[in-house]
Amino acid sequence: MDQFDSVVQLLDSNGSVVANSQFTSTLSQSELLGFYRDMVLVRTLDEQATALQRQGELGLWAPLLGQEAAQIGSARAMQKQDFAFSTYREHGVAWCRGVDPVDMLRFWRGTMHQGWDANHYRDYGYQIIIGAHALHATGYAMGAQLAGRVGSGEAEKDQAVMAYFGDGAMSEGDVNEAFVFAASYQAPVVFFCQNNQWAISEPTRRQSRTPLAQRAVGFGIPGIRVDGNDVIACYEVTEHALHRARSGQGPTLIEAVTYRMGAHTTSDDPTKYQLFSDVELWRERDPIKRLKIYLQTKGILSAELETQLAGEASALAQRMRDECRELPDPKPSSMFDHVYADTDINLEKQRAEVEAILIQSMEN
Amino acid sequence: MAQLSIVHAINQGLRRAMDSDSKILLMGEDIGKLGGVFRVTDGLQKDFGEERVIDSPLAESGIVGTAIGLALYGYRPVVEIQFDGFVFPAFDQIVVQLARMRYRSAGALTLPITIRMPYGGGIGSVEHHSESPEAYFAATPGLRVITCADSNDAYWMIQQAIASDDPVIFLEPKRRYWQKGEVNIEANMSDALNMYSAKVLTQGSDCTVIGYGPTVATCLQAARFAADDGVKLEVIDLRSLSPIDMSTLVESVNKTGRAVLVHEAPGTGGIGGELAARLSQACFYKLEAPVMRVTGYDVPYPPSRIEDDYLPDAERILDAVEKSMNY
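Line order of the protein sequences matches chains W and Y. With our numbering applied, the first sequence covers 2 to 365. With our numbering applied, the second sequence covers -8 to 318.
What the hints contain is simulated information worked out from the structure, not anything from laboratory work. A portion of the hints provided could be inaccurate.
[Said to hold, decoys possible] List of simulated lysine-lysine pairs, DSS-like, C-alpha gap at most 30 Å:
hint : chain 1 : residue 1 : chain 2 : residue 2
1    : W       : Lys81     : W       : Lys293
2    : W       : Lys273    : Y       : Lys24
3    : Y       : Lys171    : W       : Lys273
4    : Y       : Lys246    : Y       : Lys223
5    : W       : Lys332    : W       : Lys350
6    : Y       : Lys24     : W       : Lys350
7    : Y       : Lys37     : W       : Lys273
8    : W       : Lys273    : Y       : Lys14
9    : W       : Lys332    : Y       : Lys314
[To be verified] Part of the chain Y face toward chain W, derived, beta carbon under 7 Å:
hint : residue
10   : Pro48
11   : Ser52
12   : Gly115
13   : Ser196
14   : Tyr288
[As the list claims (entries may be wrong)] Simulated restraints, written as ranges between beta carbons of each label pair:
hint : chain 1 : residue 1 : chain 2 : residue 2 : range
15   : Y       : Lys171    : W       : Ser185    : 50 to 60 Å
16   : W       : Ala20     : Y       : Asp38     : 27 to 37 Å
17   : Y       : Lys246    : W       : Asp118    : 49 to 59 Å
18   : Y       : Phe275    : W       : Asn365    : 32 to 42 Å
19   : W       : Asn365    : Y       : Gly40     : 52 to 62 Å
20   : W       : Asn365    : Y       : Ser96     : 43 to 53 Å
21   : W       : Glu281    : Y       : Pro132    : 23 to 33 Å
In this text, a Cβ means the ideal position worked out from N, Cα and C, and glycines have one as well.
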């Protein structure tokens, strides 16, 4: 059997532990509970944002429904000093990096192009252009290398970079060029491809005739497929790849096999191209459900904890509703801020023009 | 006559073109089963098959690059770029390869490719979905750049673009996609206005206002407001950004003595600057005031909550008209 026919799975869709020759779970009970909490709250966040878009409070939203385990498992394997480069769907990654959900909404409401300080959270923010950031991630990883932050063996010093993208992005030149650079310089970057089966309406087979992870071989990068709906496997595989990267053993491509249970964005209508039977099949493989069964079976998740989490989720939803509506619109003249490092006389003239128009319209 | 939205008119234009020439292929992301994110190609894959309406991998440079190869083989590809902000991975193929193939091959190689692209803002979307990249293409010798502002033009200009042996960038004003209008679908293509001609929309003696694509409706709105104040604006839909139909513009500006140019793209390096230079030269002795521009500001497209402050509106056009009149 070809190695790419198999998918690393440590917890099956029924919540039973699966033995694997290469990986085993190293997670404590409290860490597993933490992952469960993350996934529940991120799903709440996602559902609430979708609802806010439907109510006209957001211009658009890209749901992560179904991809909670891939995002939480991988991002929780990151260290504080690592850096995440994400697409527009990685709300779960941003969550793990400590970004406030309301700050995530700024982008989708159209009040800011970037709702948080990338350097503060060590999370680059949403990237709309498919695959462009894979090169940025690779360059950042090269920077860590040049700065001597790779292979020192000091736990808090060595850095790695996560580059998130989807199956569609695997076709973009930028992503393939990122593989070339990462392999050439053995940069400490982990390419984490969430294969959610769909690039809007196009199935993964339009992008690739082989498992996506297998592409890595041709670039001289190890490739590995993981069950993207198994949060434990996603954590362990990513942890392994990040460790390799930090210790100077170079890049890895991880293909997390999952399914986009929602629309591409709130503007999309997946009923035009997705099969209902496929969606039902993947509903059975729900990432939250299987961990819940496991935790309940093990007696780790009590009814009391469940109630507590439900309360936390509804409080989060309520806060998002309240604070989203309160997000201030930018001042129109702020469009002239941050175009250049230096003051630009031409722009200042235009800023004055916009301010004059506003005064004029207030007087009328 | 038929009442069609711009989306539907382009769809019908594509359908008619494909019916008449089996060498025409459509290529792009999500254009098949989904019918494109704006549904411009809705139903075409069902009727013409997967070999003529091709859902491509997610790679813009790949789409345009392979379209060039298909055209070399004798096909007539019509490429969809999903959003204006997504065209740049294909920029190299368009500007470096597509634009100059005829020239560098001394006429031996012809690339009759049409690149369709929704452009412009005003739809409340996130970044990279509201760009106006037309000046890059208009500044590239070898490319033709046209844009429609009404359904009839959408229907005919897409067919003219496809029929042209030159590569044509066909810009679709996305915030006007659902604007309806009369389309003369019974006519022949030879009867339709040449795609490189500008079109005078309202006759006026006081000031010429020139827009294209999404700003044409704004210019017409300004003309209605101006008419209430007894000022007669001559609104011209430029339609073609390369080539520019100078004779229509010059005739109008020589008559009114004034010109206001309107576009969403930033002013600096924009089409307005090119028009201003040409009109100043051609109409110097007839001009009563400098040529005025009303454009997007020289900033990246702003967050959508303030896009209305960025986009030229009727008020800003009327301010420019007033400045011109009082000069």
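Going down the list of hints, with the structure as the test:
1. For the proposed pair lysine 81 of chain W and lysine 293 of chain W, the alpha carbon gap of about 27 Å is at most 30 Å, so the pair holds.
2. About 7 Å separates the Cα atoms of lysine 273 of chain W and lysine 24 of chain Y, which keeps this hinted pair within 30 Å; it holds.
3. Distance hint between lysine 171 of chain Y and lysine 273 of chain W is fulfilled; the C-alpha atoms sit about 25 Å from each other, no more than 30 Å.
4. A C-alpha spacing of about 12 Å is found between lysine 246 of chain Y and lysine 223 of chain Y, which places the hinted pair at or below 30 Å, so the restraint holds.
5. Note on lysine 332 of chain W and lysine 350 of chain W: the hinted pairing holds, with a Cα-Cα distance of about 16 Å set against a maximum of 30 Å.
6. With a C-alpha separation of about 48 Å, the suggested pair lysine 24 of chain Y and lysine 350 of chain W falls outside the 30 Å cut-off, and the hint is violated.
7. Taking the CA atoms of lysine 37 of chain Y and lysine 273 of chain W, the gap is about 13 Å. The hint holds against a cut of 30 Å.
8. Between the alpha carbons of lysine 273 of chain W and lysine 14 of chain Y the distance comes to roughly 28 Å, so the proposed pair stays at or under 30 Å and holds.
9. As the CA atoms of lysine 332 of chain W and lysine 314 of chain Y are separated by approximately 26 Å, the hinted pair is consistent with the 30 Å bound.
10. Annotation: interface hint on proline 48 of chain Y holds; nearest CB of chain W at approximately 4 Å, less than 7 Å.
11. Taking 7 Å as the C-beta contact cut-off toward chain W, the hint placing serine 52 of chain Y at the interface holds, the least distance being around 5 Å.
12. Interface hint status for glycine 115 of chain Y: upheld, as the beta-carbon distance to the closest one in chain W is roughly 4 Å, under 7 Å.
13. Look at serine 196 of chain Y: its Cβ only gets to about 27 Å from chain W, farther than 7 Å, so that hint breaks.
14. A distance limit of 7 Å between C-beta atoms decides the matter here; for tyrosine 288 of chain Y the minimum to chain W is near 5 Å, and the interface restraint holds.
15. Distance hint for lysine 171 of chain Y and serine 185 of chain W: a CB-CB separation of about 55 Å, consistent with the stated range 50 to 60 Å.
16. Taking 27 to 37 Å as the suggested C-beta distance range, the pair alanine 20 of chain W and aspartate 38 of chain Y does not conform, at roughly 52 Å.
17. With their beta carbons about 56 Å apart, lysine 246 of chain Y and aspartate 118 of chain W fall inside the hinted range of 49 to 59 Å.
18. A hinted range of 32 to 42 Å holds for the C-beta pair phenylalanine 275 of chain Y and asparagine 365 of chain W, which are about 36 Å apart.
19. Taking the beta carbon of each, asparagine 365 of chain W and glycine 40 of chain Y are about 57 Å apart, inside 52 to 62 Å as hinted.
20. At about 59 Å, the CB distance of asparagine 365 of chain W to serine 96 of chain Y disagrees with the hint of 43 to 53 Å.
21. Our hint of 23 to 33 Å for glutamate 281 of chain W and proline 132 of chain Y is violated, since their Cβ atoms are close to 55 Å apart.
When held up to the earlier numbered hints, the structure conflicts with 6, 13, 16, 20, 21 and fits the remainder.
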